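2 protein chains.
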Amino acid sequence: MVTISDIASALGVTPSTVSRALAGSPRVKAETRAAVDEMARKMGYERNIMASNLRKGRSDIVGVVVPLINREFFANIIGGAESVLNAAGYNVLICQTKESFESEVKALRTLRNYHVAAIMISHSIESENGDHIREIIGERMPLVQFDRVFPDLPGAKIVGENFEGAYKATKYLIEQGYKRIGTLAGYMTCLLYRERLEGYRKAIEDSGMEYDESIVFHDTIVYDKGRESCLKAIDAGCDALYSAGDFSALGAIDELKLHGIDIPSRFGIIGTANESFTALMTPSLSSLGQHPYEMGQAAARAFLEGRTDTEVIPMELLLRQSSNRNNDIQCQK
Amino acid sequence: MVTISDIASALGVTPSTVSRALAGSPRVKAETRAAVDEMARKMGYERNIMASNLRKGRSDIVGVVVPLINREFFANIIGGAESVLNAAGYNVLICQTKESFESEVKALRTLRNYHVAAIMISHSIESENGDHIREIIGERMPLVQFDRVFPDLPGAKIVGENFEGAYKATKYLIEQGYKRIGTLAGYMTCLLYRERLEGYRKAIEDSGMEYDESIVFHDTIVYDKGRESCLKAIDAGCDALYSAGDFSALGAIDELKLHGIDIPSRFGIIGTANESFTALMTPSLSSLGQHPYEMGQAAARAFLEGRTDTEVIPMELLLRQSSNRNNDIQCQK
DNA sequence: AACAAATATACAAACGTTTGTATTATTCTC
DNA sequence: GAGAATAATACAAACGTTTGTATATTTGTT
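Chains A and B, in that order, are what the protein sequence lines are.
Numbering of the first sequence is given in the working numbering, commencing with residue 38 and proceeding in unit increments.
Numbering of the second sequence is given in the working numbering, commencing with residue 38 and proceeding in unit increments.
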């Protein structure tokens, strides 16, 4: 590996001059800089980032911790964050926790050992509070939380418009004439699911219906749970569901198909997250879309600008067949 | 930040002893080691990986370069690689090229500057050969290529069973009684698409059909191209397509629906990659499934074991509705 | 008890940068 | 052309580890 010292001795100058030349410092003469650049190119020099970071006492790595990397939602968040961070000269180290608390602790430790420039995290389902995060990253490391956030932690937060979104989705089901609307509500340890549930509740109550605990299905976010809870919902006389996730909505649809219950004429359903399969299935699944790419960008910008406020990213109700009882919309992709 | 020197002075020993104690070296007395561990824990010490790596002249980061992170196929490869690498004490730095040659060069440079332990790459579509890879990473950096590989580069290669897979898929369409089978063939700059095309060709010729260039559609791997080429295929009298990708197959299906051509009775289609939407759409799309998770694991193991051979991962034909003309299979998920 | 062998720790250099300070070379002013 | 001001470069320490060698301590042998 060729170092700045190699370049320095090749040119008969000192490493410090080479370092400054490569950094474009005005303290080195233009012709010297040119000579250094030329020699660096010729010798195939590439700066050792570790050494550089060590000396500078900082890193150009931003650590991103997500529950699952193969969820489109998170993959797109990472993509958005990456685009902004790369442009600002940062690299992204991705850790996935697979929804495990233990993995999350391990990931945070690793990132801390790298002395990363910042940590961006969406916590795992198993994490009930942010104590471990606070404890591991300390006071000085910039922290940005996105999507799943612990409100009591310091630092910026980028969240979806969960309350309003769930309100809109539920309201829409009501307007379509569905009479008994349940919800697949997700994990109550996560603020965002609590908010969605509140939005659902408000919509129900605002339209004079009764909020009925017996058709609120908790912890329902994966496919199997969706099927299971849908069966209970059918038995409880529901004719619609607002699901706080797309995968549970998918399970519900398969369960409905199994029972020969037509969607959307006899049963309506709206999911959340706008995973790409929602548009492709039959019937296509209406979904409360997030904007993950923008969310990732916002998280990155919050770090770059040193902000510590909470930013709310709008959610958009994407209407497809699964909730189109009155057949009054053109189905979009 | 607390360093080994802090621990050392707190205990009245030298940093070297602390370093050895923490590394579990037999050169330090058991009680000293215990004291050091205790003090490290008490002071909240975490090793500075940058300094460690710099001194040791090596890194515990493995760089993974993929075209797109939000493709399930690649996300699962990353997941597989990560599981093996994490267990071996490595961390994974992910770069996505978005199919751009320029980004690929930049990513490789970055990883080289980090002096990563190894580079695992699936090259972008724009990369026509591996010269830039060879040039940037030099002789000494371990290289593992997966899925999209340049055969002339040194190092391990993990590839799908492309020829056999495409052969199987095409053969199956023939056995279902389709008479004029075209192919959405992908990019001929990629070896894997050339191999799939060869498999298709062999299957066609083996069954006494004529290999017809006019129904081989190149560069067809994204949705829009799939639609476009499918239209041409219809005009050319095709009644089936083997698509080297799932997204192009999806486009084709939408085009067929638009023309009211029933699938699978009047037109059969099989895609490749087993993206999860294939099982969810209607009609569900038969697909030549890869095993990306296993592929990622294999790539990681090839690096860990220092292998430089080529490993072939089987492909599995997943039969669903889109090719089920004779209605002779139970549709699986 | 004296010496060798072993064990345990200390010393110091090194990894490749960056950067504050010191030194030398150049330009300007009168 | 002497002195001041400025520009350009050199020197050296530092970032936090690791590790080869040297030193000090303990143990074992006769």
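Keep in mind that the hints were calculated from the coordinates and are not lab data.
For clarity, every value in this text was computed on a predicted model and none was experimentally measured.
Errors might be hidden in some of the hints.
A pair holds if it fits inside one copy or across any two, identical chains being indistinguishable in the list.
Result set (SDA-like, lysine to any residue): computed pairs, CA atoms no more than 25 Å apart in a straight line [said to hold, decoys possible]:
| no. | residue 1 | residue 2 |
| --- | --- | --- |
| 1 | K66 | G116 |
| 2 | K79 | R177 |
| 3 | K294 | A72 |
| 4 | K93 | A45 |
| 5 | K79 | T147 |
| 6 | K135 | A124 |
| 7 | K79 | E139 |
| 8 | K269 | R149 |
| 9 | K216 | A124 |
| 10 | K66 | M178 |
| 11 | K262 | H169 |
| 12 | K208 | E353 |
| 13 | K262 | L317 |
| 14 | K93 | D74 |
**OP:** Have a look at K216 and A124 and pick one of within, between, both or neither, based on CA distance no larger than 25 Å.
**Re:** neither (50 Å within a copy, 52 Å between copies)
Original post:
At most 25 Å between C-alpha atoms: does K79 with R177 qualify within a copy, between copies, both, or neither?
Top reply: between (41 Å within a copy, 19 Å between copies)
Subject >> Homo-oligomer pair classification [G116, K66; C-alpha up to 25 Å] >> reply: neither (40 Å within a copy, 49 Å between copies)
Original post:
When no copy is specified for K262 and H169, does a C-alpha distance of 25 Å or less occur within a copy, between copies, both, or neither?
Top reply: neither (29 Å within a copy, 48 Å between copies)
Original post:
Between the shortest in-copy and the shortest cross-copy C-alpha distance, which are at most 25 Å for K79 and E139: within, between, both, or neither?
Top reply: between (48 Å within a copy, 21 Å between copies)
Original post:
Is the C-alpha distance from K294 to A72 at most 25 Å within one copy, between copies, in both cases, or in neither?
Top reply: Result: close neither inside a copy nor across copies, 73 Å intra and 64 Å inter.
Subject >> Homomeric proximity label, K93 with A45: Cα distance no greater than 25 Å >> reply: both (20 Å within a copy, 24 Å between copies)
Subject >> Copy assignment of K66 with M178, given that the CA separation must stay at most 25 Å >> reply: Answer is neither; intra-copy 37 Å and inter-copy 36 Å both fail.
Original post:
Using 25 Å as the alpha-carbon threshold, which applies to K269 and R149: within, between, both, or neither?
Top reply: neither (45 Å within a copy, 56 Å between copies)
Subject >> Homomeric proximity label, K135 with A124: Cα distance no greater than 25 Å >> reply: between (29 Å within a copy, 15 Å between copies)
Original post:
When no copy is named, should K93 and D74 be tagged within, between, both, or neither for a Cα gap of at most 25 Å?
Top reply: Only inside one copy: K93 and D74 sit 22 Å apart there, 28 Å across copies, limit 25 Å.
Original post:
When no copy is named, should K262 and L317 be tagged within, between, both, or neither for a Cα gap of at most 25 Å?
Top reply: both (22 Å within a copy, 17 Å between copies)
Checked against the numbered hints above, the structure breaks hints 1, 3, 8, 9, 10 and 11 and satisfies the rest.
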